[in-house]
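Chemist: Each chain, written out:
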Amino acid sequence: MTDAYIYDHVRSPRGRGRANGALHEVTPIDLAAQMLVSLRERNDLDTAALDDVVMGCVSPVGEQGSVIPRTALLNAAYDECVPGKQLNRFCASGLEAVNSAAAQIMAGQSDLTIGGGIECMSRVPMGSDSGAMHADPAIAYKLYFAPQGIGADLIATKYGFSRSAVDAYAVESQKRAAHAWDSGYFARSVVPVVDHIGLTLLEKDEHMRPGTTADDLAGLKAAFEIPGQQAGFDAVALQKYPDIERIDHVHTGGNSSGIVDGCALVLLGSREAGESQGLKPRARIRGFSSIGTDPTIMLTGPVPSAEKVLKRCGMSTADIDLFELNEAFASVVMLFMQTLEIPHDKINVNGGAIAMGHPLGATGAMILGTVLDELERRDLETALVNLCIGGGMGTATIIERV
Amino acid sequence: MKTISYAVDKVGIAVLTIDVKDRPMNVMTAEFITDIAAAAEKIATDDAVKGAVLTSGKDAFMAGGDLKELVQVFEKNASTEEIYGWCRNVQQAYRKLETCGKPVAAAIAGTALGGGLELALACHYRVVGSDPKIKLGQPEVQVGLIPGAGGTQRLPRLLGLEPALRMLTQGNSVSPQEALKLGFIDAVVEPGQELEAAKAWVQQCEEPMAPWDKKGFRFPGGAGLMNPNAIQTQMVGTALLQKMTNHNYPAPIAIMSAVYEGSVLPVDKALDIESKYFTSVLMNPVARNMIRTLFVNKGAADKLVRRPQGPAKRPVTRLGILGAGMMGAGVAYVSAYAGMDVVLLDMSAANAEKGKDYSRELLQKRVEQGRMDAEKAAAILEKIQTTENYEDLAGCELVIEAVFEDRDIKAGVTAKSEAVISDDAIFASNTSTLPITGLAEASKRPEKFIGIHFFSPVDKMPLVEVIVGAKTSDVAIAQALDYIRQIRKTPIVVNDSRGFYTSRVFGTYSKEGITMLAEGVKPALIENAARHAGMPVGPLAVTDEVSIELSYHVLKQTREALGDEYVESPADQVIAKFIDELDRKGKKNGKGFYEYPADRKKHLWGELSSLYPPAAQQPEAEEVKTRLLYVQALDSVRCMEEGVVTHPADADIGSVFGWGFPPYTGGTISYIETIGLERFVREADRLHEAYGERFAVPEKLRTMAKKGQTFYEMADKSARQSAA
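In order, the protein sequence lines correspond to chains X and D. Numbering-wise (the numbering used here), the first sequence opens with residue 49 and increments by one. Numbering-wise (the numbering used here), the second sequence opens with residue 104 and increments by one.
These are calculated hints, taken from the structure and not from any lab test. Just so we're clear, the structure is a prediction, and the values are computed from it rather than from any experiment. Ideal placement from N, C-alpha and C gives every residue a C-beta, glycine not left out. A couple of the hints might just be wrong.
[Claimed, not checked] Calculated lysine-lysine pairs in the DSS-like style (CA-CA distance at most 30 Å, straight line):
hint, chain 1, residue 1, chain 2, residue 2
1, D, K145, X, K269
2, X, K288, D, K705
3, D, K346, X, K190
4, D, K236, X, K206
5, X, K288, D, K704
6, D, K302, D, K145
7, D, K317, D, K205
8, D, K236, D, K161
9, D, K457, X, K206
10, D, K379, X, K190
11, D, K346, X, K288
12, X, K206, D, K346
13, X, K206, D, K705
[Stated by the list, open to error] Taking CB as the label site, the calculated pair distances span:
hint, chain 1, residue 1, chain 2, residue 2, range
14, X, K190, D, F320, 44 to 50 Å
15, X, D264, D, K691, 51 to 57 Å
16, D, E710, X, K190, 34 to 40 Å
Kindly produce the complete structure, drawing on both the sequences and the hints.
Modeler: Laid out in structure tokens, this is it:
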């Protein structure tokens with residue numbers, strides 16, 4: 049098997065996913081193209097050498113439709129021989145795209161690829177692509193569908209994470225993200241986004257609220273109490289989890305991932321392909337795995353996906369220096385730490401999506417890049433990148449520095 | 104055409120008057136379906152006919168499907184193809200009417216439900232008389248069915264998804280005014296003007312087509328999975344539906360699916376989708392169970408199927424009630440409401456007056472809600488005379504005692520009443536636990552002594568259990584049943600036994616729940632599994648509601664009465680502990696298995712898990728459900744074996760309407776028949792082995808299972824034999 053190496057990665061700053069967000073005026077194609085241009089220029093890339101560009105996108109409709117990577121590549125003036133494909137594995141799409149781009153190299157069918165993802169949530173709102181899973185009555189019924197927030201609260205109830213505990217986790221995420229930004233830990237990879245007359249629109253993650261305290265968070269309303277109780281979703285979930293008396297709604301806008309706009313790309317290649325481009329490999333993709341679990345609680349994929357990839361790589365959690373698990377909801381990360389006994393100072397060390405936001409299709413690639421930068425900064429070797437996923441799935445990837 | 108008279112008037116309007124002979128209401132018999140198809144063909148092809156009006160030769164327009172026929176489908180093992188073909192046939196007849204090319208109007212002067220409303224929906228215009236008593240709706244879901252003649256397709260195309268789904272999945276009917284506002288009828292006219300109004304519309308109609316057959320038809324509010332309204336409606340609707348049905352009822356989700364899948368298709372394909380869902384739902388035993396128990400057998404019970412034929416009908420004009428507590432007060436209300444003079448007697452007139460306050464409050468509420476005028480309410484209240492004086496019972500045809508559950512107290516009031524009432528008056532006890540034969544010993548005329556067991560709250564609970572003591576006469580049974588018909592409740596007749604039928608079997612449910620608690624099953628699992636199985640309230644919650652104290656009282660009384668024969672249950676110790684040691688008497692006292700905080704919902708008492716530590720290995724929810732339902736079904740069989748209950752229909756009706764045994768099962772006996780006797784016995788044997796004697800299979804059941812018999816079949820057979 050050929051080894052797939054990571055040569056570089058870039059990401060946009062994350063813009064608030066609302067009408068007042070700094071990236072709201074930027075089209076998804078433009079945002080993706082700016083990242084593609086940056087990746088090309090930073091690496092002096094001969095784009096004709098690229099075999100494929102794979103991008104994750106969770107709502108590939110409207111202006112994110114029609115195979116957004118191909119459109120963005122043409123817009124970024126990459127060589128027209130470079131094809132693009134879009135894929136969707138919900139919240140892990142960005143990581144899945146990297147895995148998929150790496151897999152082509154590992155299988156010997158490509159030499160140089162880009163994996164990544166995009167989601168402009170302010171422009172193409174979450175759920176725009178619809179789907180039978182939640183909206184076809186026969187399917188939603190059969191699957192005991194409940195929205196992800198209900199699953200997050202169910203995890204908190206089932207595993208005993210109180211409101212103050214999830215809030216405390218969120219405060220720490222804000223603190224770590226602010227510290228990382230202040231210390232310049234993200235500087236190497238974040239590419240400012242500009243408008244078409246060249247003025248800078250955004251340089252820094254916009255969703256963050258540095259200095260957030262537990263008191264600030266305690267005042268927020270539980271976000272899923274009303275859908276849970278009035279729209280019947282709690283009852284549906286409890287039909288699957290009948291040993292729980294009632295769901296304790298602990299998640300709020302303050303301890304869940306933010307809705308943002310963003311894009312991230314990872315440049316991958318075989319050793320030879322890198323050499324021919326004059327690039328130095330930064331890390332190797334050690335392995336990756338995806339898995340499915342109960343779709344109702346939905347967010348319990350990270351532990352089994354981590355276990356699966358560790359087994360595949362012949363490793364254990366002790367072999368991993370840093371963990372990066374998307375902060376979709378505080379309880380998801382807390383369950384992971386509790387089950388696998390991961391100390392908090394080894395996971396999400398520079399904060400995560402609670403502070404900085406979760407641009408659905410892009411996040412996986414973004415956090416993979418973040419943890420690679422941090423391995424280098426700390427001079428550590430291995431990291432496990434992981435996300436919880438809609439429909440009960442999980443996707444995890446292990447990287448190691450070379 | 105036998106069910107439709109067809110007459111063309113001077114201006115060329117064909118008037119189709121539906122009158123299905125030998126039926127109190129028009130229903131969709133096989134003949135009717137042939138006739139309506141023929142009529143549609145005639146309207147389409149007869150050049151002299153300019154248009155048509157459909158009307159009814161009876162008070163009601165049409166009641167819908169022939170449920171007595173439909174319930175047979177399951178028993179007859181009709182094939183998928185047969186049912187699907189039958190349904191398509193109906194749909195095509197209606198569709199033929201809709202696409203005949205000439206204007207067709209429905210003149211609706213009375214109730215139109217189910218297939219009757221669907222027929223009207225297949226017309227191009229609907230005009231209804233302004234009588235608020237007229238009911239318009241699709242009630243199929245309430246008997247486990249779905250509309251099969253276009254209701255799931257035409258209604259949403261008229262109203263939009265959300266209002267249509269609400270009507271279809273809840274099955275509630277609406278008045279003509281409400282229907283007009285919702286938008287599925289076109290006009291409301293003075294009663295008597297319906298036919299003329301319909302004819303007038305036919306004469307001026309220029310485009311005789313349903314909206315969905317016209318070019319550019321847009322689904323009101325939008326449809327399909329790219330429409331945000333539709334997504335929201337279907338997503339939330341499906342969740343709420345699961346909350347309501349706990350996945351036990353196939354009809355509501357079939358309706359949701361038929362509506363969604365049909366909403367994105369042209370109407371002809373959409374109707375086909377509906378017929379397939381109709382077929383699968385009709386073939387499901389839940390439909391059989393619900394039609395049989397909730398409609399056919401409940402209807403027969405309401406018409407007093409168990410009434411002895413001999414005694415003449417004698418309505419109660421003056422009713423005596425002893426004890427103005429909650430039960431007495433409730434009985435007073437329903438009886439005065441039904442037009443009887445009520446003598447409400449208690450130890451003091453003041454107490455009796457307090458009992459009357461119950462009626463006062465209920466009536467006032469009705470007036471405030473605009474459901475009754477103040478005068479009528481006052482007249483009803485006037486009918487209740489409060490007293491402390493037994494002399495006032497003179498002239499009562501029936502006296503019902505609802506005093507404290509104590510044999511001596513009951514004996515006292517019996518004697519005092521009998522001193523006053525006439526020889527042919529009936530004396531009834533509303534005891535829920537004490538055997539009638541024993542109580543009748545205090546009577547000097549035990550043949551006139553009977554049990555009439557009401558359920559609380561009396562004004563809401565539909566069932567009344569009549570208990571026949573060893574010496575109770577047919578006259579007493581007939582009188583009790585006549586009275587129950589007067590107050591419009593559903594009676595079952597049972598023979599004497601401790602707890603009779605309902606209290607006895609229901610007791611097994613709460614006991615089983617409490618037993619599981621003692622075994623270390625998580626209380627939340629017990630309560631949730633019970634509700635998920637379809638019981639309205641978990642066994643721990645219901646014990647709190649009835650009061651743990653009362654359970655303890657009944658337990659001690661039973662133990663005393665039975666002596667050595669009393670079989671201890673692990674639940675007994677729990678109940679004793681809650682009263683003797685913990686002083687947790689139940690909901691009334693604010694603490695029981697649950698806590699009842701003032702500011703939020705009740706929740707399970709946190710200390711339960713220290714008193715009864717959850718076992719490391721918890722059972723599957725399915726096992727908990729099975730135990731809770733089997734224990735009731737098995738005791739119901741014992742009641743039949745012992746002759747307490749004589750007909751499976753009574754066991755079924757009593758269980759569903761008396762204590763809320765899940766309606767999808769059709770009742771305790773239908774539940775067994777649904778599972779299949781052989782499989783039920785096998786499973787019960789396993790439970791017997793695992794959990795004890797209470798799951799022992801009665802011999803009668805084992806024999807029936809071996810012979811491949813069913814309860815209903817046997818009952819029908821014996822009915823035929825006694826008739827012959």
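Chemist: Which numbered hints are broken by the structure, listed smallest first?
Modeler: Checked against the structure, the hints that fail are numbers 1, 4, 9, 14, 15, while the rest are satisfied.
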